[in-house]
Amino acid sequence: MPELPEVETVRSGLQRHISGRTIGSVEILHPRVVRRHLAGADDFAAALRGRQVGDIRRRGKYLWLPVGEDAVVAHLGMSGQLLITDPGRPLTPHVRARFTFADGGPDLRFVDQRTFGHLSFALGGAELPAQIAHIAPDPLEPAFDAQRFMIRLAARRTGIKRALLDQSLISGVGNIYADESLWRARLHWARATELLRRADLTRLLAAIREVFAEAIIAGGTSFDSLYVHVTGQSGYFERSLAVYGRAGQPCPRCGAPVRRDKFMNRSSFSCPACQPRPRRGRW
DNA sequence: CCTGCCGCCTGCGCGC
DNA sequence: TGCGCGCAGGCGGCAG
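For reference, each letter of the first sequence is one residue, going 1 to 283 in my numbering.
Be aware that a few hints might be false.
Claimed, not checked - The calculated label-pair distances, taken between Cβ atoms and stated as ranges, are:
(1) Gly124 - Gly50: 13 to 21 Å
(2) Ala130 - Gly245: 17 to 25 Å
(3) Gly50 - Asn265: 43 to 51 Å
(4) Arg239 - Asp200: 23 to 31 Å
(5) Ser168 - Arg32: 19 to 27 Å
(6) Ala133 - Asp86: 32 to 40 Å
(7) Arg198 - Asp261: 47 to 55 Å
(8) Arg35 - Glu141: 41 to 49 Å
(9) Arg32 - Asp261: 28 to 36 Å
(10) Lys262 - Glu27: 37 to 45 Å
(11) Glu141 - Arg198: 51 to 59 Å
No lab work stands behind these hints: they were computed from the structure.
All C-beta atoms in this analysis are idealised placements derived from N, C-alpha and C, irrespective of residue type, glycine included.
Start from the sequences, fold in the hints, and give me the full structure.
Here's what the structure looks like:
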């Protein structure tokens, strides 16, 4: 579920609440949460005990918590949350992992209803964990190379939305912000990547950065209780969405009713007037 | 290599 | 009420 703005909101919350603190115990309450850590849950816990957490990092939708030269990598999947909680509070049903701290202060709980999210350990991964080496820079980080992005995108033979959702090309964009950015750039989701002009891509990239920046200020999009800040508050970007989840409601730009299409086994929302269907589309 | 499909999970809202 | 179905913010693996 969470895309870049939601993960960034979580990152800054973790920075505020756990950076600089020393990990006490690590409890794995559901083995699936560490399925990518092949050495197992006990090894994962042992590797982290007693270690001090550095500045929390993020690339796209991935987070990592540096511990010395190493790191804990976290991905929230569709329904994951990282919550800072009073350690005395009882565990709720979907808590999959819990970190306590040596100072006895608030703990960190990884809560995940659908268990698509996961945690793993990256030996020597404080700068960039090996597990996420295939994830492209996101458009808000200095390492993002717009030139390279446009060249690689133009070499693809697919639709623009599928390309935006490919985290090895550009990271951080998911279903909500893909639809919102395409709407802002007035591009239909099925536009063929190889037929897009440079000006289209420049406009699209600007739209992505703009919508990300606005959503981060709002603390992300919370449709329900599944996405919240580390302290349990909701983000309020939902009220600023132009098309996502708004089928049948008027386009904020031209008033035409927002259309909903099925694509990649999920929904795509767009304006039928501002984002006309391409003649030679791809999906 | 590139493209696109599938499975992984739980819970909710809806129509019957 | 109850049940089955479709749907939900994502990703990695794998076939072609």
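Hint by hint, which ones does the structure fall short of?
Per hint list: 2, 7, 8 and 11 violated.
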